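Visitor: With the hints as your guide, set chain B onto chain A.
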Amino acid sequence: MALLEIKDLTVSYGMIAALKGISFEVEKGEIVALIGANGAGKTTTLHTISGLLKPKSGQILYKGNDISKVPGHKIVQMGMAHVPEGRRVFPDMTVAQNLSMGAYTRRNKKEIADNLANVYEQFPRLCERQNQLAGTLSGGEQQMLAMGRALMSQPEIILMDEPSMGLSPLLVNEIFSIIEKVHQNGVTVLLVEQNAKKALSIADRAYVLETGNVIMEGKASDLLNDEKIHKAYLGE
Amino acid sequence: MSMNFLTYLISGISLGSIYAIIALGYTMVYGIAKMLNFAHGDFIMVGCYVVFTIMGMFNGSAVGKIAGVFVAIIVCTLVGVITEKIAYKPLRGASSPLAVLITAIGVSYLLENAALLIFGSDPKSFTSVVPWEGVAVKGLKIQGVTIVTIVVSVIVLVVLQLFVHKTREGQAMLCVAQDKGAAMLMGINVNKTITITFAIGSALAAIAGALQCSAYPALTPYTGAMPGIKAFVAAVLGGIGSIPGAMIGGIVLGVIEILSRSYISSQLADAIVFGVLIIVLLVKPTGILGKNIQEKV
Chain A
1 MALLEIKDLT VSYGMIAALK GISFEVEKGE IVALIGANGA GKTTTLHTIS GLLKPKSGQI
61 LYKGNDISKV PGHKIVQMGM AHVPEGRRVF PDMTVAQNLS MGAYTRRNKK EIADNLANVY
121 EQFPRLCERQ NQLAGTLSGG EQQMLAMGRA LMSQPEIILM DEPSMGLSPL LVNEIFSIIE
181 KVHQNGVTVL LVEQNAKKAL SIADRAYVLE TGNVIMEGKA SDLLNDEKIH KAYLGE
Chain B
1001 MSMNFLTYLI SGISLGSIYA IIALGYTMVY GIAKMLNFAH GDFIMVGCYV VFTIMGMFNG
1061 SAVGKIAGVF VAIIVCTLVG VITEKIAYKP LRGASSPLAV LITAIGVSYL LENAALLIFG
1121 SDPKSFTSVV PWEGVAVKGL KIQGVTIVTI VVSVIVLVVL QLFVHKTREG QAMLCVAQDK
1181 GAAMLMGINV NKTITITFAI GSALAAIAGA LQCSAYPALT PYTGAMPGIK AFVAAVLGGI
1241 GSIPGAMIGG IVLGVIEILS RSYISSQLAD AIVFGVLIIV LLVKPTGILG KNIQEKV
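Quick note, the sequences are listed as chains A and B, same order. Heads up, the first sequence is in our numbering, so the first residue is 1 and it goes up one at a time. Heads up, the second sequence is in our numbering, so the first residue is 1001 and it goes up one at a time.
Just chain A, with the same shape it has in the complex:
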């Protein structure tokens, strides 16, 4: 059984269909990438999985249970975290407060403290800036904070939406190596990226989305060498 299985998911914004019946799955321990151009429905997919949007039809099976009707705030507790597009850290709170909000659903103070120490170890920059307001951080630091905040919920699977957006190439490399580290620690990753090359280079498998449909799927290494993919998404 896949950890996460999406079946015939359709989502609309009013009259406009954003997802036209997509299906895919994520096995435990994988990094799966969703790639595609602007407007393909990548972010909509993630928003629907984590409950920010309600689907029109279809199923979202997480550990075998359909979570498509579960209120969004309950999904975190089930072990799913979402690092949203544009980071969406709480700008008027400090780094430390943001991280503690990540552990909002957890009660065990000792475990939370251990978790926090881990996050600071993984992101030394956040440790240095723990009393700084999140709104004053740079883009890369905000991305790290958003990832650290998601890790504070001790997720089994983490959904990442465009982690490389607006970052310098150097920072993009840093963020991707962090994603790989998170994955090595046993977290399953569903990654949405416009930077297809980068995403395919760390993913196990990938799905290509185009205007609300999955048009291709396969091993990331195969897709990386596929000519059509090369032309459409990787550029020469």
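Among the hints, erroneous ones may be present.
What the hints assert, rightly or not - Cβ pair distances, simulated, as ranges:
no.	chain 1	residue 1	chain 2	residue 2	range
1	B	Asn1004	A	Gly86	56 to 66 Å
2	B	Val1283	A	Gln194	55 to 65 Å
3	B	Asp1179	A	Lys74	15 to 25 Å
4	B	Ala1062	A	Ala113	48 to 58 Å
5	B	Ala1094	A	Asp66	25 to 35 Å
6	A	Gln132	B	Gln1161	17 to 27 Å
7	A	Leu133	B	Val1283	17 to 27 Å
Source of the hints: derived by calculation from the structure; they are not laboratory data. Keep in mind it's a predicted model, so treat the numbers as computed, not measured. Yeah, the Cβ is synthetic: ideal placement off N, Cα and C, and Gly gets one too.
Guide: The following block gives chain B in isolation, referenced to the frame of chain A:
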């Protein structure tokens, strides 16, 4: 400083404290639910009638006063929570923010006319919930209700600040105020948080109502309308969304109102109050403690 000036100043601070308590409700609901609850002033009136009715049942005894305020807090909290559930929640996410604003105005008229139907239009004479005469210091006489109002508002401010910054629910409120979607991704129940906010705001309206009618004892179905609007002005003046801002805005407004009523003209006092709003908004559109919103490109 003349004795008169001091007297006016103190009663201005006291009136301002009432505005501040009402403004806190306005500002919290705005900050968290991003809506202006124009029926908020009428929650005050509901609270006043509840206190009035219960006090009547107990013939104005001390027990009646305490019970009246207590029951008013409960009733107002319920009115606030139910209004939010029935009238505002279904419109959350409506394409136009005007829908909920107009609904709020509708709720306001509904409450006023319901009160008109039940209690009639003739003013009821309200007995103060503060039986204390007050103190006289070197010829300066301060009424009991004036002192109690100021003290209560300070307590309310301190308790609210502690609640918001030290409790889980308070932290959840801060998150919802900044980004509802991100708050939900943290596992925060956004709807519940908004309900709690309405409950707190409405409970504060009941307290403000009891204090206001104790200081100005004529109670009509429109008792809440003007203080409601002025508290809204206070909230904007202080920086809407900011708790300390509501407090400062309320007190500034109360002092200006009483001083202009005493030294300039009692007819012009309200015009001056709203004139101040216009000037402040021209100079600093975000209010005294409001943040400068930076447009991100």
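Visitor: Taking the numbered hints from earlier one at a time, note which ones the structure violates and give those numbers from smallest to largest.
Guide: Per hint list: single violation, 2.
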